[in-house]
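Asker: Here are the chains, one letter per residue:
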Amino acid sequence: MTNTAAQNAAGLAEAFAKSAATTDRAGYPAEQVAQLAQAGLFKIHAAPFSVQAESLRALAQACGASTWFAATGAAAVAHAAKANADVLAEIGAGDRFCTIASAPHNTTLTRSSAGIRLDGVWPSVGGLDHAEWVILDGVRDGDQVVSVIAPTSALKASEFLYFGGVRGVKWRKLEATALEIPAHRIGVKLDASARLDPLIGAVLGGAEGVYTLYTTSTKARISGVGGHAVARFTQVQARLAESHADLKVCRALYAELLSNTDAGKADAETQRDQAYIVRTAMSAANRLLSQMGAMGLSETNPVQRQYRDLRVFASAPSFNWDASFAAFGRAELGVEDASRAA
Amino acid sequence: MRYFVPRRLGGYEMDWGVQIQIGRTLARYCASTSWIACVVGSHSAYVARMSPQAQDDVWKDSIDVVISTGSVMRNVSVKEAKGGYILNGRWSFSSGVDHASWVLMRASITNDHRQSYFLVPRSEFTIEDDWYVSGMSGTGSKTVGVKDTFVPAYRVISMTQMMAPNPPGASVNDSVVSSASFRLFAGSALLGPIWGGAEAVLNEYRALMAQGAAGQDVNDPQCLLRIAEAAAEIATAGRLAEGLIDRQVQAALSAAKVPKSERISNVFERTYSARLCVNGASRLVNSLDTSLISSDAPIQRYYRDLLGMVQQIGVNWDRNMINGAKAMFDLPTDIPDLNAD
Chain X
75 MTNTAAQNAA GLAEAFAKSA ATTDRAGYPA EQVAQLAQAG LFKIHAAPFS VQAESLRALA
135 QACGASTWFA ATGAAAVAHA AKANADVLAE IGAGDRFCTI ASAPHNTTLT RSSAGIRLDG
195 VWPSVGGLDH AEWVILDGVR DGDQVVSVIA PTSALKASEF LYFGGVRGVK WRKLEATALE
255 IPAHRIGVKL DASARLDPLI GAVLGGAEGV YTLYTTSTKA RISGVGGHAV ARFTQVQARL
315 AESHADLKVC RALYAELLSN TDAGKADAET QRDQAYIVRT AMSAANRLLS QMGAMGLSET
375 NPVQRQYRDL RVFASAPSFN WDASFAAFGR AELGVEDASR AA
Chain Z
7 MRYFVPRRLG GYEMDWGVQI QIGRTLARYC ASTSWIACVV GSHSAYVARM SPQAQDDVWK
67 DSIDVVISTG SVMRNVSVKE AKGGYILNGR WSFSSGVDHA SWVLMRASIT NDHRQSYFLV
127 PRSEFTIEDD WYVSGMSGTG SKTVGVKDTF VPAYRVISMT QMMAPNPPGA SVNDSVVSSA
187 SFRLFAGSAL LGPIWGGAEA VLNEYRALMA QGAAGQDVND PQCLLRIAEA AAEIATAGRL
247 AEGLIDRQVQ AALSAAKVPK SERISNVFER TYSARLCVNG ASRLVNSLDT SLISSDAPIQ
307 RYYRDLLGMV QQIGVNWDRN MINGAKAMFD LPTDIPDLNA D
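Chains as they are written, first to last, in my numbering: chain X, 75 to 416; chain Z, 7 to 347.
Derived from the structure by calculation, the hints contain no laboratory data. Mixed in with the good hints, there may be bad ones.
[Stated by the list, open to error] When the alpha-carbon atoms are kept at most 25 Å apart in a straight line, the in silico SDA-like pairs for lysine to any residue are as follows:
| # | chain 1 | residue 1 | chain 2 | residue 2 |
| --- | --- | --- | --- | --- |
| 1 | Z | Lys332 | X | Gln109 |
| 2 | X | Lys293 | Z | Met327 |
| 3 | X | Lys293 | Z | Thr149 |
| 4 | X | Lys117 | X | Asn82 |
| 5 | X | Lys244 | X | Ala342 |
| 6 | Z | Lys153 | X | Ser297 |
| 7 | X | Lys293 | Z | Ser301 |
| 8 | X | Lys230 | X | Gly166 |
| 9 | X | Lys244 | X | Phe234 |
| 10 | X | Lys230 | X | Ala163 |
| 11 | X | Lys247 | X | Ile260 |
| 12 | X | Lys247 | X | Lys263 |
| 13 | X | Lys293 | Z | Tyr138 |
| 14 | X | Lys244 | Z | Ala219 |
| 15 | Z | Lys332 | X | Thr308 |
| 16 | X | Lys244 | X | Ala257 |
| 17 | X | Lys293 | X | Gln311 |
| 18 | X | Lys247 | Z | Asp302 |
| 19 | X | Lys244 | Z | Ser301 |
| 20 | Z | Lys332 | X | Ala312 |
| 21 | X | Lys247 | Z | Ala213 |
| 22 | X | Lys244 | Z | Asp136 |
| 23 | Z | Lys85 | Z | Ile133 |
| 24 | X | Lys247 | Z | Met327 |
| 25 | X | Lys244 | X | Pro122 |
| 26 | X | Lys293 | Z | Arg80 |
| 27 | X | Lys117 | X | Lys263 |
| 28 | X | Lys293 | Z | Asp324 |
| 29 | Z | Lys332 | X | Gly301 |
| 30 | X | Lys92 | Z | Asp136 |
| 31 | X | Lys263 | X | Thr182 |
| 32 | Z | Lys85 | Z | Lys66 |
| 33 | Z | Lys332 | X | Arg306 |
| 34 | X | Lys117 | X | Leu270 |
| 35 | X | Lys156 | X | Pro122 |
| 36 | X | Lys247 | Z | Ser143 |
| 37 | Z | Lys263 | Z | Ile328 |
[Unchecked claim] Non-contacting residues of chain Z with respect to chain X, defined by C-beta distances greater than 12 Å in every case (computed):
| # | residue |
| --- | --- |
| 38 | Arg13 |
| 39 | Leu15 |
| 40 | Gly16 |
Cβ atoms here follow ideal geometry from the backbone N, Cα and C, with glycine treated the same way.
Next comes chain X alone, as it looks inside the complex (with noise of 0.2 Å):
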């Protein structure tokens, strides 16, 4: 079923494509959740890594949002069934969207008779209209922390100025006032630690989404100052070949990732690649950009669209550059703990 779940992904990105630039301005509609949730890419944790990771490049191709949900809705219901059966059956398991609160302001939790209570502020949740259930990451109880799983209805969400990437899942501050919430609901952390993530799919697609809109765009594009065909300018050509290359490699790091992630290799030599690939696809799709002037700039431009969400992806904790890499020095060394002496 999950590798159906993938082709299915790739099968709804052309249309995912097309109503993407409605869709970030508008906001996600809910018979694309719904598409998503009969794809059963909410469903997909349990699917090797490459099928994930191919879901999502397959969507990142297209559309920030799609991709954001897929991954979102998956990571979900991974958590949930991790924590119990009766969440799981609770949030859907999968057939709806749910979704996930991380990085609060501040939480406090007190202990009561049939759970906790709770307060705390996420200022940045999207998806909230399509969620009828969301996990509170990041609940700090005493010296561990937690995540919780609550009805949306009962959060006070309230929107802000906001302008960067995936704008299309309506980005809200998320609040808990007293929110009581009884004990079978309360799990362990979301492990957002420098870790392997099929997300890494949606970096690639989302890079190779920028590559294909650029060409296209800059193949009709005349230059504003002096009227000339953009694309016979020599360093527009170098340039794009230099991003080519730039995704060639990426590519080619990211098969190897697929392989051994699902031949069970997770070690840092992987997880320093998963990092190098999004910088390199981030440095291919900023090179493009840039070299696309203040057209760049416009918020019609699909271009810009697809790298403001292509920025989201990369931004994942598990892309940590730092993290990554000096876990791969380590390894190397054969230092164990993480000293942070200069």
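Please arrange chain Z on chain X, whose structure you already have, making use of the hints.
Answerer: For chain Z alone, kept in the frame of chain X given last:
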């Protein structure tokens, strides 16, 4: 807006460079404000070089007027008419135009690369609501257009005349900015906002580190190295900008001919200064995780604004570096100042 308004009209008639320092300071807080104050504010220097009659038209009622420019042309045409010209066309990226009383529109009378500035009042141009951008959205750099607009000859000045020493305005204004070769000052006004914009990112990142934002730890040597490297890059960019501006001012004061090699170097340094600012800021922003990237954290805006500013053609890497290198071999370039000996 009074920086270069003639003193005889109540303006400040300042030395070149002061507005750049003001722009730097403002950009640490709001790049769009800085851009309007520094870059758009510098347009008064253009008008102060035009005919006295044109200056009177612009400043007769107020010396606090905003003067925008239209440089990127779309279907622009000029026809000669009795006493002036009939102008048609559209110009993109006219910063501050919502508040502008006048726009200096570029067009070619001879229908070739030789251009002139046409000074057009607010009553004669339309504004298209088309500035929806990822950075510098506050500048409102919209498209302006004119249709069969008559521009009297005294409100037109060729680029050659505008840039040469002793333009028409020098007959009534005393300042060096009004009388020296204007090419000496080319592009440097951009550097104040860009430098300050990079400093805004640096300052905000430092605050995030101090707060212990995700992935940013004051005890982590990697984070410390990152902020040190960025601070060094941005400070170096600033030193380059200051040196460049100082040389520009000294050259204007001395009225000495600036050797071609130095003019080439000025273009390189201006462009490289902007590149260093972006490199420093990018180094910091690229290390932020999703909790900041998908938020309304101020560093987001500072960085987007910085990326927006460096798209200005005056600091465009390819254009300036390639043309500068062409000039090294005495090849013709797209930068007029580099074509002269």
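Asker: The structure should be examined with respect to each hint, and the outcome stated for every one.
Answerer: Comparing the hints with the structure gives:
Taken as a hint, the Z:Lys332 and X:Gln109 pair is broken in the structure, with Cα atoms around 56 Å apart against an allowance of 25 Å. Among the hinted pairs, X:Lys293 with Z:Met327 is consistent with the structure: their alpha-carbon atoms are about 24 Å apart, no more than 25 Å. Distance check on the hinted pair: X:Lys293 and Z:Thr149 sit about 24 Å apart at the alpha-carbon level, within 25 Å; holds. Proposed proximity of X:Lys117 and X:Asn82 is supported: the alpha carbons are some 13 Å apart, at most 25 Å.
A C-alpha spacing of about 35 Å is found between X:Lys244 and X:Ala342, which places the hinted pair above 25 Å, so the restraint is violated. A hinted pair counts as satisfied when its Cα atoms are at most 25 Å apart, and Z:Lys153 with X:Ser297 qualifies at roughly 23 Å. Proposed proximity of X:Lys293 and Z:Ser301 is contradicted: the alpha carbons are some 34 Å apart, above 25 Å. Taking the CA atoms of X:Lys230 and X:Gly166, the gap is about 22 Å. The hint holds against a cut of 25 Å.
Proposed proximity of X:Lys244 and X:Phe234 is supported: the alpha carbons are some 10 Å apart, at most 25 Å. Distance hint between X:Lys230 and X:Ala163 is fulfilled; the C-alpha atoms sit about 24 Å from each other, no more than 25 Å. This hinted pair checks out: X:Lys247 and X:Ile260 have alpha carbons roughly 22 Å apart, not beyond 25 Å. With a C-alpha separation of about 20 Å, the suggested pair X:Lys247 and X:Lys263 falls inside the 25 Å cut-off, and the hint holds.
For the hint linking X:Lys293 to Z:Tyr138, the alpha-carbon distance of about 23 Å falls within 25 Å, and the restraint holds. Between X:Lys244 and Z:Ala219, the direct Cα distance comes to roughly 23 Å. Compliance with the 25 Å bound is thereby established for this hinted pair. Restraint check for Z:Lys332 and X:Thr308: the C-alpha separation of about 14 Å stays at or below 25 Å, so the hint holds. Between X:Lys244 and X:Ala257, the direct Cα distance comes to roughly 30 Å. Violation of the 25 Å bound is thereby established for this hinted pair.
As the CA atoms of X:Lys293 and X:Gln311 are separated by approximately 11 Å, the hinted pair is consistent with the 25 Å bound. A threshold of 25 Å between alpha carbons decides the hint, and for X:Lys247 with Z:Asp302 the separation of about 10 Å falls inside it, so the pair holds. Restraint check for X:Lys244 and Z:Ser301: the C-alpha separation of about 11 Å stays at or below 25 Å, so the hint holds. Distance check on the hinted pair: Z:Lys332 and X:Ala312 sit about 18 Å apart at the alpha-carbon level, within 25 Å; holds.
As the CA atoms of X:Lys247 and Z:Ala213 are separated by approximately 21 Å, the hinted pair is consistent with the 25 Å bound. The suggested pairing of X:Lys244 with Z:Asp136 holds, with an alpha-carbon distance near 23 Å, which does not exceed 25 Å. A hinted pair counts as satisfied when its Cα atoms are at most 25 Å apart, and Z:Lys85 with Z:Ile133 qualifies at roughly 22 Å. For the suggested pair X:Lys247 and Z:Met327, the alpha carbons sit about 45 Å apart, so the restraint of at most 25 Å is broken.
For the hint linking X:Lys244 to X:Pro122, the alpha-carbon distance of about 30 Å lies beyond 25 Å, and the restraint is violated. With a CA separation close to 19 Å, the supplied pair X:Lys293 and Z:Arg80 stays within the 25 Å bound. Restraint check for X:Lys117 and X:Lys263: satisfied, since their Cα atoms lie roughly 20 Å apart, inside the 25 Å limit. Between X:Lys293 and Z:Asp324 the alpha-carbon distance is near 19 Å, which keeps this suggested pair within the 25 Å criterion.
Between Z:Lys332 and X:Gly301, the direct Cα distance comes to roughly 21 Å. Compliance with the 25 Å bound is thereby established for this hinted pair. Distance check on the hinted pair: X:Lys92 and Z:Asp136 sit about 22 Å apart at the alpha-carbon level, within 25 Å; holds. A distance of roughly 15 Å separates the Cα atoms of X:Lys263 and X:Thr182; the hinted pair therefore holds under the 25 Å criterion. For the hint linking Z:Lys85 to Z:Lys66, the alpha-carbon distance of about 28 Å lies beyond 25 Å, and the restraint is violated.
Distance check on the hinted pair: Z:Lys332 and X:Arg306 sit about 18 Å apart at the alpha-carbon level, within 25 Å; holds. For the hint linking X:Lys117 to X:Leu270, the alpha-carbon distance of about 18 Å falls within 25 Å, and the restraint holds. For the hint linking X:Lys156 to X:Pro122, the alpha-carbon distance of about 17 Å falls within 25 Å, and the restraint holds. A C-alpha spacing of about 23 Å is found between X:Lys247 and Z:Ser143, which places the hinted pair at or below 25 Å, so the restraint holds.
Using a Cα cut-off of 25 Å, the hinted pair Z:Lys263 and Z:Ile328 holds, with the two alpha carbons roughly 24 Å apart. Every C-beta of chain X lies more than 12 Å from that of Z:Arg13, the closest at about 35 Å, which supports listing it as non-interface. The beta carbon of Z:Leu15 sits about 33 Å from the closest Cβ of chain X, which is more than 12 Å, so the claim that it is off the interface holds. Every CB of chain X is more than 12 Å from the CB of Z:Gly16 (nearest about 35 Å), matching its label as outside the interface.
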